[in-house]
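Student: Sequence:
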Amino acid sequence: MINPTNSNLFPSADAVSNVVWPEPFDSTIRDTEIRSRLIFGPGLSEPTPIQPDFTSQEFTYLDEECINVPSTLPLCLIGNPGPTVSNVVWPEPFDSTIRDTEIRSRLIFGPGLSEPTPIQPDFTSQEFTYLDEECINVPSTLPLCLIGNPGPSPSKGYYSTARPFKLYQDKRYTSGAVYITPYDLTKHYNEDKSNIPIIQTPPECEPVLVDGKFVLQPIPHMIKMIPGIPFAIHVNGDPTQLQTVGCLHTLDSLQAYPDYDLIHANSVNLAKLTWGCSGLNGEREIPAVYTLNLKRNDRNGPRAATHRSPYDGSFSLGNTILKGDGQGTVVPALQMTANPSISSQIQSILQTLHTLYIHVLPKSISRFENDMINFHSEFSNIYSLGGLSPCATSVQLNISSLGETLEESIGNVQGLWHTDHNDDPDRFTLFILLLRVGPDGHPGPFCLGRWGLYSAEMGCWIIFLTFKGIDVHSGFAPCELSSANEAFLKDSNLKAAYNMAKGPNRAGYVLYTSKVAAHRTSALNATLPTSFGNLTTSKTATKFLTFGSSGPSTLGSPEDCANRLAREAVFDFFNTLSLSQLNLELNLDDVLSKITFTTSDGSTKSMKKLKYNPQTDSVFIQRYLGLYFWYHTLCKSVHIRITRSDIQRSQGQLSHNIQGPLAPATKIHVQPIASPLNLQHDQLNSPDQVAAILSARSSNDKKITFLIRLKDSSRTISVSADHPCLNQHPLVIQWYQAQLSREDQQMITASSQKSKAASTPNTNTSGRSQALQSTGNRAPVVANSTQTTAAESTQRSKRKARSDSVESEEGVDEAAQENSDSDDEYEVERFREYRQRLGLIRSRSTKLSMEEIHAKVTELRSLYPKAGVRDMLNLLFFQDNISIPRNTLTSYFRQYEPERIQERKAGKLKRRRFWAAGVLDMICVDQHDKWKKFGLALHTGVEPFSGKILWIRVWHSNNNPRLILSYYLKFLETHGAMPLITQSDAGTENYGIANAQSFLRQYYDPQLQGTLQHRFMSGGSKNVKAEIIWSQYRRRFAPGYEDLLEKGEINGWFEVNDELDRLVHRWLFIPWLQTCLDGWVDMFNCSRKRADSNKILPHGVPNDIFQEPERYGALNFGVDQDGLNHVRQLFAPPEHAVFQLIPPDLEPLISHTYADMGSPLVKHDTIWGIFCQLRDGVSSAINPDIRTIILTFENGLQDDQDVFPVPAGRQLEGGINVIRWDGGYEDVERGLEELDNLDDRSTASTSAEPLALFSDEEDQLDDILEW
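Numbering that gives the first Met the number 0 numbers the first residue of the sequence shown as 0 and each following residue consecutively.
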């Protein structure tokens, strides 16, 4: 400790005071006022239409304003016979390259258009060091070297291991001292990359009960952090390449600083706003923040049925990232929609956190790191929470209660080892931990896994921990006996301070900055759409919160919010002018001084000056941009991108070997905490003494120990599960049932009843182990794992559908077998014999061990990380030809991947209405742009009635109407019939399909002249079925492939802006990805969908419904088509450049290079190696002529929207409504004239018999139409 005092004692009642309450803020009123303002452009709402009055003088000229025209003017004018060209004025030659270069060289706010030259800082000067009087004196008794605690290593996996840290005097830190260890970017980096995903929790992380107190034994291989002294690394042993990795502060360690009083006062205010406090001395009563009915985070997971505390959970405050639109959208957190009094308390919390952040963080990191982060935040106008000064962008509040693990309280995603991989690698996380734990309890350690550091400070009510969230870390819940906690809170001062706190005893505020918010790579809902400039506001701004309307709740005071938004407007204004090669003759500070806002008392205030003005401080800014880029590069070199799913997947692979077949579920922590001294068997003499089961843990020998509360004295004791008083105890059985699935619960109940009937209790095996033994011996089945062609896959899917049908029918036969006669039995045996000959083997006819299933599932996990039980069954069948019973695979998931089961149970559906009359009533098409960052574009076509995916295509573009039309024509050519109508969004890339569809339909049915046989879904209408397919694709197919594609960018193997990289990438990846997509589409179309009582559209296999709709009481509306070759030549000629994967002149070079490599097999685990070798080989053999061809080819790929007229005709709107409007369709009429020269065709017509219109929602039956 540094200057230890009593500052870490719990705050007394009179100390918890002086909270500054912001004025209640109602975002609805502010939003209404904003929307009523008069602005340029279309505005935010439609004005009331007013018909002009042409009889008045308002829109006519007076006689004296009109001139007299000659009476000899001709009454009619016609066009001249032909044009005459003379005196043409030629503009000066224009070179866009020169202009673009000049524009890119301009200094603008934010990330800029090009990377600056890195500048290494000079640490010998005073610029980035502190003066002697600015540094505090550290105790001379500090150890000179810290090494990890001794202890055993795990049998499997990896324990976090610290490298030796030595103490250095260093004026770059306010402490004047720092613990440093060298870090080798080759050796140590590779070790961490391999070890972090398989990190395990040492048993010593769990405090143990000794003599009535919880104590923490030294954690093996780790170092306990010393408060007030930062921990850092020297990258490659270079003292100039300094990176802080962690720092712990308590109120004691901060007391030596001159701003300690401010830090202490705000810490007390934060405790009051968090735990709540009754009104003292006439002050306002404050409820605990977690009692305000806040919305929990989605990743918090579902609430367990046995969860005792209603307040535990994880909550987002401040700003957040709204997913679903590119890389997300920065918006105010949804907590800001609460009522004004709730918003006021949250706003006060954010302002208090802001103050603590800007005063504690500089004492935890080096001055250079702090200056670089602050400069980048100021110059990029990053939306920090709670104030205008540089701070974190987001904050997460984690609440947990006594007797609950963090995994139970805030979810297994955040309660176990994890990384926050979306955080900015350049910035630090400040974790402010508030505790309500007595002197006999323990707050629980917090571990920084990558560096082998942990904090475990006793007797503190607030702790400040600085680290990088991108590195693996984990926390542990406090441990305290209920009786000790009750005695601790009996103190009068503490009771007054915490009398509103209720159950929770741990509240952690995680202040972090997301990468997309820090580097402005996402959309930002600054205001409602302005209709001008680049679209920096998300299209969802009209549905979700904006900073213009709700900013005062998250951005600090009204003055802070006004300055932030004013800077956003001025920065955008200045950048727009600069990038348009325009100059501003006004100083930006003068512009800001003319921008004002009105305060609550009616006065006006001008905006503050800029700290960094590119007009006056350009030299300084250019230098600091270079320094920041050097710092950014250093952070990037140390950063290891490991996602939470990577850790969960690796942990799942180890769990079976670590825990054994009788291991507890994930809710039971396998931690040996119960030594013989801690077990209190002698205090439990009767089953009636047990009041409640609080928690359970396992020892190394897999024996479970329960923490039990007794009825007589509310004491808690630790007792082994094999204690006679616990065997078959109802509360124990109820606890076991809460850990298992519904199927296993039934088995436990049956086992319990059987044991009671026999009256022979087993005292050697716990009920949990019995249940797992009874469910662990199921026999899975497997077929040979082989590589198959697409045709074989289709044949196999048909066999699977027949086999499923056979199994269901056979189940009925077996149920009635006892009552059947001998002839029926003979026929059944004959049927089974024929089925065996045909290869229709039932899934349980062959055996496959759980280890073999684990190996197969693990292999598929790399590409399908989010596949659940249903998807994994299909993947095993279609890709590996393995058929496994569903209940066997479900048991596997419960044992290896229980989090998948919880994700499924937590699923929520948002329903929309959709109408379809029958098969080929329509076809819906849509594009998908999520992979454009990799140079890839996707497109799909869906038949909505059957749910069949007609195609998913990957190419280098999805904006070209010729290309999109070719997908549709290919389907028509293959199927031989066309739909009644096609449907898409209103993008110009769909003009090709709209024109061709209307062209063909009008030719065969002249009555359709003047109608558009394509439905554009715009405005509030949605292309629902195509969106559903993309949603399924994003969840079930894309994650693994996106991770694979991102590896190229993360490791620097692939640069999407490099022309050669892009073309080689296309040549290799697009055919392989298309094959993978075709396989997934085939699996999707051949798989029976999950039953849904809300759905009226047919249930079944999409291929079956599409091919035989009459079996489902529906009709096929397909219309005969012909003349496709004419349409193709007219609208999508095959020789067009867009249909070429790469330039034809480059194809031989790449093919020969690939052949010289031995034509290696392309797989997911080899493709990047092949790419790098192929790219390097092509690059070494390329010549300037080829590079010219590449540039010409790239420039020639235009979208070609100009060749397609805007489709015209009577528009078909969504649903059952038709909005009529007139318009010509010249292109179709021209095509009809040309098609008349072809052979006569028979006119197609639709069936005249009655039919019903199907809806995908049962409550819409009243709207069903009959034709």
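Keep in mind that the hints are not guaranteed to be accurate.
To be verified - With a cut-off of at most 25 Å between alpha-carbon atoms, the simulated BS3-like pairs for lysine-lysine come out as follows:
(1) Lys635 with Lys1088
(2) Lys865 with Lys610
(3) Lys212 with Lys165
(4) Lys489 with Lys710
(5) Lys855 with Lys1088
(6) Lys969 with Lys1046
(7) Lys1088 with Lys514
(8) Lys212 with Lys855
(9) Lys610 with Lys514
(10) Lys929 with Lys1046
(11) Lys865 with Lys932
(12) Lys165 with Lys192
(13) Lys865 with Lys1046
(14) Lys865 with Lys501
(15) Lys501 with Lys212
(16) Lys932 with Lys1046
(17) Lys489 with Lys501
(18) Lys932 with Lys514
(19) Lys1046 with Lys855
(20) Lys501 with Lys710
(21) Lys223 with Lys192
(22) Lys294 with Lys635
(23) Lys929 with Lys514
(24) Lys931 with Lys865
(25) Lys855 with Lys931
(26) Lys165 with Lys186
(27) Lys1162 with Lys931
(28) Lys155 with Lys212
Said to hold, decoys possible - The following label-pair restraints were derived from C-beta to C-beta distances:
(29) Leu76 with Thr987: 30 to 40 Å
(30) Gly458 with Thr1165: 54 to 64 Å
(31) Asn235 with Pro438: 24 to 34 Å
(32) Arg648 with Thr1165: 11 to 21 Å
(33) Thr100 with Thr54: 56 to 66 Å
No lab work stands behind these hints, which were simulated from the structure alone. Virtual Cβ for every residue (Gly too), placed ideally from N, Cα, C.
Student: Among all the numbered hints in the text so far, which are the ones the structure does not match?
Tutor: Going through the list in order, the structure violates hints 1, 2, 3, 6, 7, 8, 14, 22, 25, 28, 31 and respects the others.
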